[in-house]
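**Q** Take a look at the letters that make up each chain.
Number of protein chains: 2
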Amino acid sequence: MLRVFQRTSRLSRAPRHPCIQSAASPTAQFLPVDLQSPLPVWGSAQFKVFCQNLHKETDGHRPSPAAAPERRPFSRLSGEDLDYFRTILPGRTITDPDLVESSNVDWLKSVRGSSEVVLRPQTTEEVSQILRYCNKGNLAVNPQGGNTGLVGGSVPVYDEIILSTSLMNNILSFDNISGVLTCQAGCVLENLSQFLEEQDHIMPLDLGAKGSCQIGGNVATNAGGLRLLRYGSLHGTVLGLEVVLAGGQVLDCLATLRKDNTGYDLKQLFIGSEGTLGVITAVSILCPRKPKSVNVVFLGCETFEQLLRAFQLCRGMLGEILSAFEFLDSECMRLLKTHLKLTNPISDCPFYILIETSGSDPSHDEQKLHNFLEEAMTSLLVSDGTVATEESKIKALWSMRERVTEALTHDGFNYKYDISLPVEQIYHLVTDMRQHLGNRAKSVVGYGHVGDGNIHLNVTSAARDPALLAAIEPFVYEWTARHHGSISAEHGLGLKKRNYIHYSKSSQAVALMGHIKTMLDPKGILNPYKTLPDHLR
Amino acid sequence: MLRVFQRTSRLSRAPRHPCIQSAASPTAQFLPVDLQSPLPVWGSAQFKVFCQNLHKETDGHRPSPAAAPERRPFSRLSGEDLDYFRTILPGRTITDPDLVESSNVDWLKSVRGSSEVVLRPQTTEEVSQILRYCNKGNLAVNPQGGNTGLVGGSVPVYDEIILSTSLMNNILSFDNISGVLTCQAGCVLENLSQFLEEQDHIMPLDLGAKGSCQIGGNVATNAGGLRLLRYGSLHGTVLGLEVVLAGGQVLDCLATLRKDNTGYDLKQLFIGSEGTLGVITAVSILCPRKPKSVNVVFLGCETFEQLLRAFQLCRGMLGEILSAFEFLDSECMRLLKTHLKLTNPISDCPFYILIETSGSDPSHDEQKLHNFLEEAMTSLLVSDGTVATEESKIKALWSMRERVTEALTHDGFNYKYDISLPVEQIYHLVTDMRQHLGNRAKSVVGYGHVGDGNIHLNVTSAARDPALLAAIEPFVYEWTARHHGSISAEHGLGLKKRNYIHYSKSSQAVALMGHIKTMLDPKGILNPYKTLPDHLR
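Chains as they are written, first to last, in the numbering used here: chain B, 1 to 537; chain C, 1001 to 1537.
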């Protein structure tokens, strides 16, 4: 039943989708929190009311909870400030409006700031000098890596000074015995991968944005990506961090040890904190050996139930060589065909699975895969499939999964949700959403990382459609909360989702996050308006 | 060259080593930290002086830095307090001195507290009630799991109330598709392993103390153990925690999701905080599938350099099935023979390696192992070896590594160090220590987890010997700091090592830990005198 692979076109970068959104709204004030007092938290009734109010059009003019709050009373950039920056960063204090513009707008072109300066430090000491100065002068700072984030966390909201790590791109060391890489935060993920390839190793994470994203940003956003199923999250693979705190203090936790139980594991605080607690300047990370053999299969399933059973079978039979278990639905396939002219490499099915194996012995891996496929077909879990072992064919099969995002941008205006759920539930969200929206949406599609319980739900419409948005939200968030899921599995909260945090975190937890923010950044200068909900400010 | 396996005796629990140590010394006062001010930290000069002073006999009476500081001004337990506890925990408020005694003394019998009561809550709500009451009344609390810690962290120092999680031993859920287990903190590790075995899964960690240690304690101490090389640290495998904070607030971060980027990952703070920031009441953890085949080989090497080359070869050739790479030196083997009458299963060598593989296909695993052994022997990296595939033989080979601790207790008084280092350096510590001590020590041995860069250095003497201790410390800590290692790889700091933290953590980092402690436990009632150095109190 397995057929010869039909070549699809190669991976290419998705074009930017233009949909600039202006941002202004009246909200919260900056109030310091008294950390000595007991945690001030909301009762569950208050919390419910908050969530309901987020979406209520009380006066007909209520802005979206994703819109930016009012500018906080930070200082405005002065000529004197620029003179100082030019002294410490000669030639690397960028004020040319054309150059600054690309750092003001996010990759999706969905949010835009109005910063007037981009600072490009090369050393930790320079980052420290910048933050010491900004903290003293009450100047807000937007730390920026590759600017590939999807939730408006990587660009300024108003006139925050952009602190770019792009020139901090040195590899500091690599230990071939332990596989520990240490590098500056601005190293581009793909460059690190290429460097490691020569050392017979790979990075423990891989992303579609690898050509632009930086390791510091990956860590700051706790990027998940395509290898998480196999190598685990950055909370496990990052061994050390160097971080500059809001006041300019350098926190050196740049250990290269797999084990270190001397006190609290402070680096963990900064993994996933989206630049709101400190600026990551260097990273040490545990890198696996490069697998000697990689195989990819693309399979079709009649039901999502069968797909889940195939996943279970796969965990048992492929075991230690399973490195990805991804899926897309038939709606995704329709968009790939319609907008990108890709050819379905197998016969049409309601669901498609992409399985990747990575191992140290090609013949063993092929045999395991063969046994699994035989069992999956005999048990009627999959109805069709194709296998790729050559690199170009592997890339082409992967593109069926990776280019869904690109196909979606051609389908119209995108409403994007990145949800994690107990794995049995993930596709119910799509079917329920489809039923809920009826014919109000153009397309409702689901794809993602089954192995991680992570689905990307996307809804498209011909153009921006507030009525459609009101039908999607809070439905999607309430549905997710009801099923104990996360409203942001890997994209983070940034600007756009900060006010939805209560759907996935208890009010106690959110209050404690506020305390931590105040402890580490008392003036709130680091990446303001991001991650934490407005009522904490 | 591979020979038939010769049976060694089975695993047995090491006997407790009696060496009660009285604890009292004049030191630091409890000073609240102002969290709004910039981090108050020491300059590196101050830090050096502190480390030197730790070991200086200024007045001939200076106690060891490991000795307990003065009792802090917590309230004393009253009859009224006991009445309250008996009301909320009827029949589970233990005051019988014989029963309390075993909770006052640690497993090594190296430290002893003088608590008068052990509380045995069954629910999170009861833990919350206890802490709310204790925090209000300024009563200190010692959270206790299986009491198997090695650094005096698990027992009271003075009269702290012992809060035992032993009766919180319910498994709450297990998801067979994702492999996520959720349970109360008091579940014994071995019981969880047995439960999972029936579900075709295993725990991601395994320890010698598995018969007594509890999962809550494992998480609180960030236990490493024998499977870390394969499945990574608890920072990666723990998906959620429920924690009761000092004031009784329940922090619900008990997610069961592999991915969740909604705000700061608070649970990470409590992993490895040794009960000083909160009491862990429930854990959710990602469990791997049970491997279908396990093999163990025991090999001999002529030099440590060869052993490291064998490790590198092993990473490449065994790849994804490698699950342990442990070692012991010839001195360990001498003690196993002398004190436990074990027989070396291979010919005598300066170094011994134990390699374990775990995989999903027995024939593939055996072939990989065979290829590796052939290459290792052809390249003269190993000089002798034996293989075990049956469970009883596997256990016997493992006992050559696991019973070293027991053999050491028969050799005399033990000075134990748990050090992690860049892997190339780990054995240099042993040879340098041997040279440094000359004939002052009875034995100086090294064994441990090569794969994790973690060595257990042990020095023995006929009896407790302050002069020998003065020769070992600070030498061992200074050596470790000079080589960028950790002075506690997996054992934690507890009471005994709290004042040595500066050897592995920067003063900025230690200061920040103090801030976090003060934020979460303003009165310092949770596991006082542990983890953080006296000068922060």
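Since the hints were made in silico from the structure, they are not lab data.
Where hints are given, some of them may not hold.
[What the hints assert, rightly or not] Facing chain C, from chain B, some residues (calculated, C-beta under 8 Å):
| # | residue |
| --- | --- |
| 1 | Thr87 |
| 2 | Asp252 |
| 3 | Thr409 |
| 4 | Val423 |
| 5 | Gln425 |
| 6 | Ala481 |
| 7 | Gly485 |
[Said to hold, decoys possible] Have a look at the derived ranges for each label pair, beta carbon to beta carbon:
| # | chain 1 | residue 1 | chain 2 | residue 2 | range |
| --- | --- | --- | --- | --- | --- |
| 8 | B | Pro422 | C | Leu1099 | 52 to 62 Å |
| 9 | C | Lys1292 | B | Arg482 | 57 to 67 Å |
| 10 | C | Ser1173 | B | Asn439 | 49 to 59 Å |
| 11 | B | Glu116 | C | Glu1070 | 53 to 63 Å |
| 12 | B | Glu478 | C | Ile1177 | 43 to 53 Å |
| 13 | B | Pro422 | C | Lys1292 | 54 to 64 Å |
| 14 | B | Glu198 | C | Glu1374 | 55 to 65 Å |
| 15 | C | Ser1173 | B | Arg440 | 50 to 60 Å |
| 16 | B | His535 | C | Ser1173 | 26 to 36 Å |
| 17 | C | Leu1099 | B | His436 | 56 to 66 Å |
[Claimed, not checked] In silico DSS-like cross-links for lysine-lysine, where the CA-CA straight-line distance does not exceed 27 Å:
| # | chain 1 | residue 1 | chain 2 | residue 2 |
| --- | --- | --- | --- | --- |
| 18 | B | Lys290 | B | Lys337 |
| 19 | B | Lys442 | B | Lys292 |
| 20 | B | Lys109 | B | Lys290 |
| 21 | C | Lys1442 | B | Lys290 |
| 22 | B | Lys341 | B | Lys292 |
| 23 | C | Lys1341 | C | Lys1393 |
| 24 | B | Lys109 | B | Lys393 |
| 25 | C | Lys1292 | B | Lys292 |
| 26 | B | Lys292 | C | Lys1337 |
| 27 | C | Lys1337 | C | Lys1109 |
| 28 | B | Lys290 | C | Lys1292 |
| 29 | B | Lys290 | B | Lys393 |
Small disclaimer: the values here were computed from a predicted structure and weren't measured.
We put the CB at the ideal spot given by N, CA and C, even for glycine.
**Q** Each hint: holds or not?
**A** Results of checking the hints against the structure:
no.: 1; hint: Thr87; result: violated, 23 Å
no.: 2; hint: Asp252; result: holds, 5 Å
no.: 3; hint: Thr409; result: violated, 23 Å
no.: 4; hint: Val423; result: holds, 5 Å
no.: 5; hint: Gln425; result: violated, 11 Å
no.: 6; hint: Ala481; result: violated, 11 Å
no.: 7; hint: Gly485; result: holds, 7 Å
no.: 8; hint: B:Pro422 with C:Leu1099: 52 to 62 Å; result: violated, 42 Å
no.: 9; hint: C:Lys1292 with B:Arg482: 57 to 67 Å; result: violated, 38 Å
no.: 10; hint: C:Ser1173 with B:Asn439: 49 to 59 Å; result: violated, 39 Å
no.: 11; hint: B:Glu116 with C:Glu1070: 53 to 63 Å; result: holds, 57 Å
no.: 12; hint: B:Glu478 with C:Ile1177: 43 to 53 Å; result: violated, 24 Å
no.: 13; hint: B:Pro422 with C:Lys1292: 54 to 64 Å; result: violated, 26 Å
no.: 14; hint: B:Glu198 with C:Glu1374: 55 to 65 Å; result: violated, 28 Å
no.: 15; hint: C:Ser1173 with B:Arg440: 50 to 60 Å; result: violated, 37 Å
no.: 16; hint: B:His535 with C:Ser1173: 26 to 36 Å; result: holds, 33 Å
no.: 17; hint: C:Leu1099 with B:His436: 56 to 66 Å; result: holds, 59 Å
no.: 18; hint: B:Lys290 with B:Lys337; result: violated, 33 Å
no.: 19; hint: B:Lys442 with B:Lys292; result: violated, 44 Å
no.: 20; hint: B:Lys109 with B:Lys290; result: violated, 36 Å
no.: 21; hint: C:Lys1442 with B:Lys290; result: violated, 45 Å
no.: 22; hint: B:Lys341 with B:Lys292; result: violated, 33 Å
no.: 23; hint: C:Lys1341 with C:Lys1393; result: holds, 17 Å
no.: 24; hint: B:Lys109 with B:Lys393; result: violated, 32 Å
no.: 25; hint: C:Lys1292 with B:Lys292; result: holds, 22 Å
no.: 26; hint: B:Lys292 with C:Lys1337; result: violated, 42 Å
no.: 27; hint: C:Lys1337 with C:Lys1109; result: holds, 25 Å
no.: 28; hint: B:Lys290 with C:Lys1292; result: holds, 24 Å
no.: 29; hint: B:Lys290 with B:Lys393; result: holds, 19 Å
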